[in-house]
Amino acid sequence: MLERTHTCNDLSLIHLNNKVTLMGWVHTLKCLGGRWFLNLRDRYGLTQIVFKPEHSFEWTYILKEIKLEYCICIHGVVESRVQNGGSCNANIATGQIEVNALQMYILNKSLNLPFQINNKNTVNEDLRLEYRFLDLRNPCLQYKILLRHKLLTLTRKYFNTHKFIEIETPILSKYTPGGAHNFLVPFKDNLFFSLSESPQLYKQMLMIAGFDRYFQIAKCFRNEDARGDRQLEFSQIDIEMSFSNESQIKSIIEQFLRYITKKLLNINLVIPLQQLSYNNALRKFGTDKPDLRSKFQHIDITPILERHHNIKNLFLKNIITNNLLLKAIHIPAKFSISTKEVEKIKKDPYLSNFSNFKILHVKINNNMQWMPQSLSENIQENILSKINKLFNIRSNDSLFLIISPLHCMQSISFFISSFLDKKFHTLNSSSFKFLWITEFPLVEWNESNHKFKSLHHPFTSPINGKLLKNLQITKSRAYDIVLNGIELGGGSIRIHDSQLQSKIFKKLNLNKKQFSFFLNALSFGAPPHGGLALGLDRLCMLFSNSTSIRETIAFPKNSNGFDILTGAPTVIKNVQK
RNA sequence: GGGGUGGUAGUUAAGUUGGUUAUAACGCCGGCUUGUCACGCCGGAGGCCGCGGGUUCAAGUCCCGUUCACCCCGCCA
Numbered sequence: 122m123l124e125r126t127h128t129c130n131d132l133s134l135i136h137l138n139n140k141v142t143l144m145g146w147v148h149t150l151k152c153l154g155g156r157w158f159l160n161l162r163d164r165y166g167l168t169q170i171v172f173k174p175e176h177s178f179e180w181t182y183i184l185k186e187i188k189l190e191y192c193i194c195i196h197g198v199v200e201s202r203v204q205n206g207g208s209c210n211a212n213i214a215t216g217q218i219e220v221n222a223l224q225m226y227i228l229n230k231s232l233n234l235p236f237q238i239n240n241k242n243t244v245n246e247d248l249r250l251e252y253r254f255l256d257l258r259n260p261c262l263q264y265k266i267l268l269r270h271k272l273l274t275l276t277r278k279y280f281n282t283h284k285f286i287e288i289e290t291p292i293l294s295k296y297t298p299g300g301a302h303n304f305l306v307p308f309k310d311n312l313f314f315s316l317s318e319s320p321q322l323y324k325q326m327l328m329i330a331g332f333d334r335y336f337q338i339a340k341c342f343r344n345e346d347a348r349g350d351r352q353l354e355f356s357q358i359d360i361e362m363s364f365s366n367e368s369q370i371k372s373i374i375e376q377f378l379r380y381i382t383k384k385l386l387n388i389n390l391v392i393p394l395q396q397l398s399y400n401n402a403l404r405k406f407g408t409d410k411p412d413l414r415s416k417f418q419h420i421d422i423t424p425i426l427e428r429h430h431n432i433k434n435l436f437l438k439n440i441i442t443n444n445l446l447l448k449a450i451h452i453p454a455k456f457s458i459s460t461k462e463v464e465k466i467k468k469d470p471y472l473s474n475f476s477n478f479k480i481l482h483v484k485i486n487n488n489m490q491w492m493p494q495s496l497s498e499n500i501q502e503n504i505l506s507k508i509n510k511l512f513n514i515r516s517n518d519s520l521f522l523i524i525s526p527l528h529c530m531q532s533i534s535f536f537i538s539s540f541l542d543k544k545f546h547t548l549n550s551s552s553f554k555f556l557w558i559t560e561f562p563l564v565e566w567n568e569s570n571h572k573f574k575s576l577h578h579p580f581t582s583p584i585n586g587k588l589l590k591n592l593q594i595t596k597s598r599a600y601d602i603v604l605n606g607i608e609l610g611g612g613s614i615r616i617h618d619s620q621l622q623s624k625i626f627k628k629l630n631l632n633k634k635q636f637s638f639f640l641n642a643l644s645f646g647a648p649p650h651g652g653l654a655l656g657l658d659r660l661c662m663l664f665s666n667s668t669s670i671r672e673t674i675a676f677p678k679n680s681n682g683f684d685i686l687t688g689a690p691t692v693i694k695n696v697q698k
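Straight run, no breaks: the first sequence in the numbering used here ends on number 698.
No wet-lab data here; the hints were simulated from the structure.
All values reported here derive from a predicted model rather than from experimental measurement.
Yeah, the Cβ is synthetic: ideal placement off N, Cα and C, and Gly gets one too.
Check the hints yourself; a few may be wrong.
Claimed, not checked - List time: in silico EDC-like cross-link candidates among lysine to aspartate or glutamate, alpha-carbon distance up to 20 Å:
(1) K230 to E190
(2) K340 to E672
(3) K410 to D350
(4) K543 to D350
(5) K410 to E565
(6) K185 to E175
(7) K271 to E375
(8) K467 to D542
(9) K230 to E175
(10) K628 to E568
As the list claims (entries may be wrong) - If you anchor each label on the Cβ, the simulated ranges turn out as follows:
(11) N311 to H270: 38 to 46 Å
(12) N387 to N311: 50 to 58 Å
(13) I135 to D346: 52 to 60 Å
(14) S368 to N130: 38 to 46 Å
Can you build the whole structure from these sequences, using the hints too?
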């Protein structure tokens with residue numbers, strides 16, 4: 122058999138008259154009477170093969186056997202398209218040449234395809250997953266897998282040059298109830314491992330061991346319902362550092378992000394990145410993972426009302442007396458929204474999850490009056506003008522006013538602003554807005570089981586290393602990194618004091634016994650340390666402008682956690698012993 | 001577990017207040033075409049309209065159930 126001499130992206134005019142051998146797949150095939158054109162594809166690119174009738178009377182006979190996606194070998198001579206009387210194709214790297222075929226071998230045939238392989242189709246995802254090996258031939262998907270490969274390479278290079286050591290931690294690990302559901306792996310004698318949810322405790326013990334700076338591209342497993350940005354198994358860029366505070370860790374990550382955005386997207390990321398406290402994020406965006414590209418900010422205007430006790434408008438008065446909040450979302454005049462669309466928002470099924478709230482759409486007329494007029498008449502001038510000033514409101518702008526109790530205000534206001542962002546296409550997909558969220562509460566109260574739950578995880582240090590009497594107002598040393606409204610990663614300064622850790626386990630109602638190995642480890646000179654994990658799949662998704670992480674994983678599960686390609690998971694009748 | 005949207009040819013979609021033989025594009029098969037590259041032209045095959053009930057003289061279309069997919073909520077320490 123002939124040996125491949127070049128890939129389908131290699132050849133140019135400098136190879137004129139060379140005899141070459143290419144191997145790949147039939148991308149397109151076109152007959153023009155006696156002359157045939159074939160586009161040969163491999164992962165590097167495309168090369169046009171021409172079959173001239175004067176070289177063989179048999180080409181037509183042979184080529185009639187060839188179909189798309191046959192795997193073939195071409196031996197031929199590199200020729201100039203122009204000199205051959207044709208025209209160049211500026212869309213491909215090899216567009217100036219073509220290979221005049223002398224010999225062709227079919228390496229393997231292909232059945233007719235279940236769907237066409239090109240850049241434009243939007244084929245049903247289940248079918249694509251069933252034929253993932255074909256879908257992965259699509260240059261568009263190959264680009265995403267290649268981007269992931271580049272990211273992995275850059276990650277190793279960056280952390281290596283910053284003295285981080287790559288260390289693998291166990292995937293078969295200890296089952297700890299609480300938190301995400303685990304995948305259990307039977308061992309023997311009724312003993313089970315659990316697939317690692319994250320390398321958290323191992324990496325902390327590496328710090329205790331003195332490795333100082335650790336990183337790993339870690340596979341994590343969580344037995345929870347999947348989403349567009351969540352899979353049962355996923356990868357994270359996991360790091361941990363000793364003797365470092367928040368700003369040192371953030372700085373390492375910021376430089377990493379600047380490095381990869383430059384290398385992968387050719388974007389000059391400005392660092393340090395913007396920061397927003399957890400409370401301010403909720404106040405301004407209604408979410409703890411705001412999208413800074415959003416044009417629709419929220420402002421809580423309850424405090425303005427509270428300063429005016431003699432409000433005539435019953436609607437507004439209601440707010441104060443019932444301990445509700447009033448939030449406004451400002452819509453500049455260039456984004457006009459119809460009454461119909463306002464009704465559509467109000468009737469959206471999502472909002473039926475909430476009760477005791479009200480949504481009002483207010484238009485500002487040319488005289489800077491609020492419409493409907495009844496509203497404007499009953500609210501004192503000074504309140505109106507304060508709000509107008511706060512948002513820098515101009516005529517023909519409009520506002521959404523939301524009145525609701527605290528616990529559903531964030532969800533409702535975020536729902537409305539993201540509706541508006543979608544409607545007006547304000548989220549520029551080539552813009553990358555990173556953001557740190559800081560000052561998270563340490564815990565939150567879980568209404569369903571009447572227990573405190575860590576907001577981050579139970580190993581997160583409280584600010585100043587102390588628990589306040591009121592646990593609910595204790596802040597933690599956790600930080601999340603958000604990119605375009607998606608939580609890219611999170612981390613914290615950890616607890617390195619065994620007694621404090623023990624105390625927190627107790628407050629959180631966690632069984633101390635199951636973590637005794639860890640408390641023991643902390644007792645042997647554990648250094649102060651902290652770290653962070655970045656979602657690798659999500660990073661690839663955002664960098665490749667994909668709508669789900671399934672696009673960035675070679676063999677993903679579908680949204681129900683099934684591997685359509687292999688048919689896993691399966692019922693096992695006779696489990697191996 | 002809850003909600004939303006969808007399922008029509010190999011693929012992607014259209015299908016009007018229920019009314020002749022269910023359309024189109026791409027793909028596939030056959031023919032023409034010696035410079036195409038989203039080539040072009042002529043012809044052809046291809047359908048349990050997701051599945052099961054119901055209403056009706058008549059259902060792709062209306063109703064009920066069910067299933068599968070995607071998105072969202074719950075969940076993801």
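Tested hints:
1. K230 to E190: Holds. K230 to E190 sits at ~8 Å (cutoff 20 Å).
2. K340 to E672: Given pair K340, E672 holds - Cα atoms ~17 Å apart, limit 20 Å.
3. K410 to D350: Cα-Cα ~14 Å, so holds.
4. K543 to D350: Given pair K543, D350 holds - Cα atoms ~18 Å apart, limit 20 Å.
5. K410 to E565: holds (17 Å)
6. K185 to E175: holds (17 Å)
7. K271 to E375: Distance of about 18 Å is within 20 Å: holds.
8. K467 to D542: holds (16 Å)
9. K230 to E175: violated (27 Å)
10. K628 to E568: Holds - the C-alpha atoms of E568 and K628 are around 16 Å apart, at most 20 Å.
11. N311 to H270: 38 to 46 Å: holds (42 Å)
12. N387 to N311: 50 to 58 Å: holds (56 Å)
13. I135 to D346: 52 to 60 Å: At 55 Å between Cβs, range holds.
14. S368 to N130: 38 to 46 Å: For S368 and N130 the Cβ distance comes to about 45 Å; the hint holds.
In this structure, only the earlier hint numbered 9 is contradicted, and the remaining ones agree with it.
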